[in-house]
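Make a model of the complete structure from these sequences and hints.
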Amino acid sequence: MSEHKILVIDDEPMVIEAVRKALKREGYEILSACNGEEGLRLYFEHQPVLVILDLRMPVMDGLQFLDYIKLKPLDRSSVIVLTGHGSDYEIEQCFRKGVSAFIRKPFNIYELIGQVRSCIALKDMKEIIFDLIRASFAEAEK
Amino acid sequence: MKFSTKFIFSIVAVTIIAAPLSGFVVFYSASALLRENLIHNQLEFTQHTMDGIDRILYNAYVGIQIVASSNTIKERLEILNKKDIADELAARYKKEILMRLEKYFSFTGPWNLLFAVDKDGMIVTSDTEQEIGTRLNDESDNKLAYEAAMRGEIYYSDLVIPKSIGKPTIIFAAPVRNEEKFGRPILGAVVGYFVWHTVLQMIDEADPVLRLHLFNRDGIIIGDRPEHRNRILQQRLGYLNLVKKAFREKPSGSSIYTDAHEADKTSVLGSYVLQRGFLGYRGSGWGLLVEIPLDVIFAPVHQMARNIAIVVMLVMGLIAGIFNFISKKLTAPIAALTKTTQALGRGDFNARAEVTTQDEIGVLAEAFNKMAQDLQKLRNDLVSSKDYTENIIKSMNESLIVINPEGDIESVNQAATDFLKYSKEELIGRPVGIIFEEEEEEEEEEVFFVFKGKGLDELIQEGNISGAETILRTRQGGKVPVLLSGSVMRDENGVILGIVCVASDIAELKKAEAELKQHRDHLEDLVKERTTALEKEINERKNAEQKIKIFSHAVTGAIDAIAIADMQRIITYVNPAMEELYGYEEGEMIGKSTAVLNPVSERVKEMESAMIETARWAGEILQQKKSGETFPALLSLSTVRDEKGRPIAMMDAVRDNTERVHAEKELRKKQAQLLQASKMASLGEISTGIAHEINQPLTYISGFIQTLARDIRENLLDFEEVKADLKTSLRQVGRITDIIQHLRTFGRSNAKLTELVCLKTVVNNTLLLMGERIRLRNIALIRNVESHLPAVRGNSNQLEQVFINLLQNATEALRNHIGNAELRVDISVSEDRKTVIITITDNGEGIEQNHLDKIFEPFFTTREVGKGTGLGLSIVYGIIREHRGTITCKSEKNKGAAFTITLPTKG
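Here the protein sequences come in this chain order: A and B. As numbered in UniProt numbering, residues 1 to 142 make up the first sequence, in order. As numbered in UniProt numbering, residues 1 to 907 make up the second sequence, in order.
Please keep in mind that the hints were generated in silico from the structure rather than gathered at the bench.
Distance condition first, Cα-Cα at most 25 Å in a straight line; then the derived DMTMM-like pairs of lysine to aspartate or glutamate:
(1) A:K21 with B:E720
(2) B:K421 with B:D408
(3) B:K511 with B:E469
(4) B:K181 with B:E75
(5) B:K181 with B:D120
(6) B:K511 with B:D418
(7) A:K24 with B:E721
(8) B:K82 with B:E147
(9) B:K723 with A:E17
(10) A:K97 with A:D124
(11) A:K24 with B:D718
(12) B:K723 with A:E26
(13) A:K21 with B:E714
(14) B:K669 with B:E857
(15) A:K5 with B:E721
(16) A:K5 with B:D711
(17) A:K21 with B:D711
(18) A:K21 with B:D718
(19) A:K24 with B:E720
(20) B:K119 with B:D84
(21) B:K625 with B:E580
(22) A:K21 with B:E721
(23) B:K339 with B:E366
(24) A:K24 with B:E714
(25) A:K24 with B:D711
(26) A:K5 with A:E26
(27) B:K752 with B:D738
(28) B:K895 with B:D826
(29) B:K727 with A:E17
(30) B:K727 with A:D11
Given below as structure tokens:
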């Protein structure tokens, strides 16, 4: 399996550093952006399998970012929100926009690693099932 | 004949002769060159064609030698010469020779026929079967060839027609030798019939207009154009002698003659060359004659003649045109001068010759114009002196009437007709009686004697009258008063010529007299009015005395204590309120110095100096009662002056201020409480930002610690990495500590106003709490703090509150701003370094103009109920005032707001 790309979007470099450290053993390629706009560019350029997203950022905040990418269940990517606050309203909005998990800062590294792994595993599984379906279609056509 | 015609005529004459002459000279020299060139080209072509023929024949000459040197032919011919071989073998050898010949046949020649002959003159083999075995002797042409070959020569014939092929050819023959034996014995020969058509083809390919004739040394035609092929070897060239004559002299040449040979008998140019051969091939002494009709070859010469003729025509036309133009230019001034002279002759003095040229004609024209101008001026002077007199009369305002000796009107001016409303025609020739008043008999004797017709005698005796008042009659019969002057005109013999009268209108004068009378009447009325006014004034004085009485009662009964002292500060009057306030008995204060009332001598000095400078003083001051008890009072001192402005007394007005001082103290206490409350409110509002700010470093630290724990547990510790991470973690802890430390000092209630405050630190601390909030709202914060800013004396905590409140308001004003939201904090020091100026500017929604004067009032807010306390700016105002500074606000709706604060520096 190819090396998975994870995009971390946070205006605080220290938070990106902390996420990088937490995930250093997992063998992912970590990309980072300091606001939603830059994040959006990297998102479309690299198509990461997972985005770890902060909500409050200058220029373009997390919710705006989610509005731009319009997550759908069969997308290649999933999103985990990692934020310091987050009202009930924000949590609801995030999940409504297709976010997979909501983690608060300061985060527990095991929780983060676990959520990251399960998100990626889900997407990998989706790929495998798709391959199987495609193969069976091909056979049926023969 | 006109000058211009003469000029053009001579020029055209010259052109008509010169242009064709030069054209002819050009044509003559050029055509000679061209002809020579064409003839030369023709000769070169002939030479070239002859060389081509030589080369073709040289190829055959070499070809036959190549065939003769074939080893196969040599060997087989040597064996066949022995005759004693078997027929079978001979047939095989002959066959082999034939194969060899066939091979050569294709790339030498080209040949009509190629065959080998043995040393006895027998045809050994040939590419035409039937010839084999026949002897060569039969045909003389062949025999010559064979014999020459047997002599060891390489043979070629002139053009012949051998019987065997029946068409013209050249016979080539070469000996076959045994090269290996001594003396190179000749074994036989090879003979080839050259294809003559190859040469003819070359002649055919030449330009069809050319006539080519190839002939041999006897003058018999051997090559010609396709239409004359039948001449080959049948005809001699008709004019060979003519050609031959030239041949004797040189191997090539050209000449022009009439071609008698051809039917059309045209003149042609003939070029001829003799055969020169090529390398080993020496040729047979042939000649080539190429003819071309003269009209064809010299076509370029005719073309040139035409071109030159066209150019000459054009040049002539152009020259004629140019000279026509020049001559017009030259003669135009003369024509203009002539025209002007004629005009002047007819009497048109305005006429001028319009000649601008600089030459002699120009000078002549100028002199002529000067003369015309002088003439015109002379004439104008004559005309204008008459006009001048007429104008004077016309422009007179007075009416002028001239009467002839018969008493009729002879002449009147414009003023007279306007004044009397007659037209000129209605007056002239009529008796004077129609305009002069008839009633003069009773009224004015002077007028009577002047104008009563026969009364003219008296006027004549007097000679003139001046300024007599009379009345004239207008056309409508109206009477107008006039001043009349008159004078009699006589000739040198004293005979009367007429009377000149001038009348001026005096209606205005009469009117003025009437006005004067009216004015006099008015003056009398005025005197009456004045008398009434004086009576009224006396009444007013009475009222004023009454008023003074009222004032006096007012002072006595006033609530404020009032005292009047003389200039030596001795009290001369006090009102009852004064005595009551200071605790004195009635009348006890009179005669005392005001000094007993003022316990603080420094303030008295300040007061006195102010009195000297401005003659008044007002302020808060401590006063002393009779009992020695002091109390705060509001005192106003003023100087009383007499009507001439000299100071005569001083008036003190005193009000007890004890109550107000007390109230102010109370207020200050309340304000401090309010400030504390507002601080807490701000903290609440900005706590989200602070929490976010603390959370970031905390996230790193917590992540680091957990990772570290995991690494230790799994025994995967990288010490270098941990060391670096520890440093980063410690920095994060520092960030949190800063914020917490600051929150603690900010929250403290601290009323001291005496510390030295660095405004830069205050701004930094404010941004520690507010920075995150501003950044997250996408607001660009521009900080411009002057370096070496002097400290201010006050309370840093309170000043920070000022910044927090103002920045919060600005952030709020930028809430709905789209793009380019900007917030500026500028801090600078005034030039004299006595004041620090702080400006906080935003480009947000601004403040309504009618709200600007209310913003510093407590509880004024434009926000929704429950969103703002309305205290922020009033607290700012209070703090700044306590720091002895000022705060002002400028704002425009939708453009932003700017708050300017000034604070005195510590000095």
